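Residue numbers (full-length UniProt numbering), protein chains in the order written: chain A, 1 to 286; chain B, 1 to 286.
A hint or two may mislead.
What the hints assert, rightly or not - Label pairs and their calculated CB-CB ranges:
| hint | chain 1 | residue 1 | chain 2 | residue 2 | range |
| --- | --- | --- | --- | --- | --- |
| 1 | B | Pro181 | A | Arg215 | 41 to 51 Å |
| 2 | B | Gly167 | A | Pro71 | 42 to 52 Å |
| 3 | B | Gly240 | A | Arg182 | 22 to 32 Å |
| 4 | A | Lys5 | B | Gly267 | 33 to 43 Å |
| 5 | B | Gly111 | A | Arg215 | 49 to 59 Å |
| 6 | B | Ala81 | A | Gly267 | 38 to 48 Å |
| 7 | B | Ala127 | A | Arg33 | 52 to 62 Å |
| 8 | B | Glu239 | A | Gly238 | 24 to 34 Å |
| 9 | B | Gly252 | A | Gly238 | 30 to 40 Å |
| 10 | A | Asp140 | B | Arg38 | 49 to 59 Å |
| 11 | B | Gly167 | A | Arg215 | 36 to 46 Å |
| 12 | B | Ala127 | A | Glu82 | 50 to 60 Å |
| 13 | B | Gly252 | A | Arg56 | 28 to 38 Å |
What the hints assert, rightly or not - Pairs of lysine-lysine residues, derived as DSSO-like cross-links and limited to a Cα-Cα distance of at most 27 Å, are as follows:
| hint | chain 1 | residue 1 | chain 2 | residue 2 |
| --- | --- | --- | --- | --- |
| 14 | B | Lys126 | A | Lys257 |
| 15 | A | Lys5 | A | Lys257 |
| 16 | B | Lys5 | B | Lys257 |
| 17 | A | Lys126 | B | Lys257 |
Claimed, not checked - Far from chain B, some chain A residues (derived; all Cβ distances over 12 Å):
| hint | residue |
| --- | --- |
| 18 | Tyr23 |
| 19 | Arg56 |
| 20 | Asp57 |
| 21 | Asp69 |
| 22 | Pro71 |
| 23 | Gly98 |
| 24 | Leu115 |
Derived from the structure by calculation, the hints contain no laboratory data. Computed from a predicted model, the values in this text were never measured in an experiment. We put the CB at the ideal spot given by N, CA and C, even for glycine.
2 protein chains.
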Amino acid sequence: MSTQKTVTAACCQVAPRIGELEYNRALVERVVRQAAQRGARVVVLPELVQSGYLFRDRVEAQALAETPDGPSLRLWISLAAELDIVLVAGFCEQRDDGTLANSAALVDAGGLRALYRKAHLWDGEKAIFSPGDAAPPVVDTAFGRIAVMICYDLEFPEWVRLPALAGAELLCAPVNWPRGPRPAGERPAEVVRVQANAAVNRMTIAACDRHGHERGVDWVEGSVLVDADGYPLAGPAGEGGEQLLLASLDLGAARDKRISGHNDVQGDRRPELYAGVLAVQGRALG
Amino acid sequence: MSTQKTVTAACCQVAPRIGELEYNRALVERVVRQAAQRGARVVVLPELVQSGYLFRDRVEAQALAETPDGPSLRLWISLAAELDIVLVAGFCEQRDDGTLANSAALVDAGGLRALYRKAHLWDGEKAIFSPGDAAPPVVDTAFGRIAVMICYDLEFPEWVRLPALAGAELLCAPVNWPRGPRPAGERPAEVVRVQANAAVNRMTIAACDRHGHERGVDWVEGSVLVDADGYPLAGPAGEGGEQLLLASLDLGAARDKRISGHNDVQGDRRPELYAGVLAVQGRALG
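Bound conformation, chain A alone:
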């Protein structure tokens, strides 16, 4: 039985400017207030919305990095407290050991609830960031049990499975999806993967992309909120520039893993047969 419990979530598809930290803070404040005013209780922003994405090199990234008690996260925490929302957004994190991480924070009225460091790094990120080693956090909030991961992480179904098995009802994913070629009339593969991730786990997903040409790169602009059946409730935005997408997500449906009289997407798993997924490029570990 799907117990009724819904939450209004928002994806704010904005265009941060590389290196303009104050501009980006003001941008986030503007759209987060707008989302809350329109009823959102969970607000998702893009990957690296604090700094922009295409750093020239590690030196530039280092200069723009912040700690969790830096001005950007302080602002986000104060907004979450004032508006009584959950806010999930990406930032360039200065870690204590001197490394940088491509991170996302989940903040709410209680402050910083979780930090997540991207575990699967995309392309040039490998020269700048150290990958995270911790599974996606799953946080009990006033508005649902919410998990966080970032962009390319979504292309590893094993990774998405972890928070789903831990009971996440909603996965919030800040992303920056670089635009590439695709067949005419086809929905972007990035969005298709989000839909499949939702369906096989019966977990709602809010993936927030960005827009705005940055150092030669354009974006899919594919922000989307997907239900537990894998169908979009809002978006994909489709190259619409700045977009505020809102949807009412049925978290009760996400807790109910049954899909027929005799099937349950978690109960039907046969993990005793899956050990091979721990193989490295076809070779068993150990």
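Dock chain B against chain A, hints included.
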């Protein structure tokens, strides 16, 4: 570098009749000859095309079951030899121990190359079949390295990962997708999941659905051949009744797992972090 190696594959979306084994054999022979005549070297047929799908009970299934040396597989093997093709099709298998399996055979000019028994059973199948315990086979054929699984198996990305890690270039999946509700304008979630499975593994997939009303059930009729980027090359058929879908699949692209200057869909996996996928409904196996 994608080395050029293509194969023409076909999905024969036909309507087997429940219990009419001779009719179904003649149906398979007709469409397989047609597919080969149009250039297909790998031909995929639906799940349980030998028998039909909606058995009233185990007794009826038992009466229709065949062993791998029964008349249906003998026909399929002789067709594969005569036409020099790989043929993948589903049948109701009588096993030596008295149990039944929802199975698929891969046959080629060399005879029966692999039997696969569906590991994840759908709904009423649980009252009739014993689930298989063996990973999807991966067979080196004259037309590529080909894996086999069946229908609901595709909803477990861990399961799809196994043949991909074993080097499969093409996954052939006989399916019977019962038609359910979906939002207007949306591609069926079954097809979306096939696309995502292809993209995250860079493995081509040919999923062959059926048509024809059977004992109260209609079908998605969503047969589709998908490239290594996750985009359809032929289909989804879309309730078109009998359909012969053909596509030239680039198996070289499927061997090349690179998706950027610094990314590889297999090399970027971090299996040392994935042990949690062996958990049973959130509890670690122990």
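Now for the hints, and whether the structure bears them out:
1. Pro181/B / Arg215/A: 41 to 51 Å: At 45 Å between Cβs, range holds.
2. Gly167/B / Pro71/A: 42 to 52 Å: holds (50 Å)
3. Gly240/B / Arg182/A: 22 to 32 Å: For Gly240/B and Arg182/A the Cβ distance comes to about 24 Å; the hint holds.
4. Lys5/A / Gly267/B: 33 to 43 Å: At roughly 40 Å between Cβ atoms, Gly267/B and Lys5/A fall inside 33 to 43 Å, so the hint holds.
5. Gly111/B / Arg215/A: 49 to 59 Å: At 58 Å between Cβs, range holds.
6. Ala81/B / Gly267/A: 38 to 48 Å: holds (42 Å)
7. Ala127/B / Arg33/A: 52 to 62 Å: holds (56 Å)
8. Glu239/B / Gly238/A: 24 to 34 Å: holds (26 Å)
9. Gly252/B / Gly238/A: 30 to 40 Å: holds (32 Å)
10. Asp140/A / Arg38/B: 49 to 59 Å: Holds, at about 57 Å.
11. Gly167/B / Arg215/A: 36 to 46 Å: holds (38 Å)
12. Ala127/B / Glu82/A: 50 to 60 Å: 56 Å Cβ-Cβ, so the 50 to 60 Å window holds.
13. Gly252/B / Arg56/A: 28 to 38 Å: At roughly 35 Å between Cβ atoms, Arg56/A and Gly252/B fall inside 28 to 38 Å, so the hint holds.
14. Lys126/B / Lys257/A: holds (18 Å)
15. Lys5/A / Lys257/A: holds (15 Å)
16. Lys5/B / Lys257/B: holds (15 Å)
17. Lys126/A / Lys257/B: holds (18 Å)
18. Tyr23: The claim stands: Tyr23/A keeps its Cβ more than 12 Å from every Cβ of chain B (closest is about 28 Å).
19. Arg56: holds (16 Å)
20. Asp57: Nearest chain B Cβ is 15 Å from Asp57/A, so the label holds.
21. Asp69: holds (27 Å)
22. Pro71: holds (31 Å)
23. Gly98: About 22 Å separates Gly98/A from the closest Cβ of chain B, which puts it past 12 Å; holds.
24. Leu115: holds (17 Å)
No hint from the list above goes unmet by this structure.
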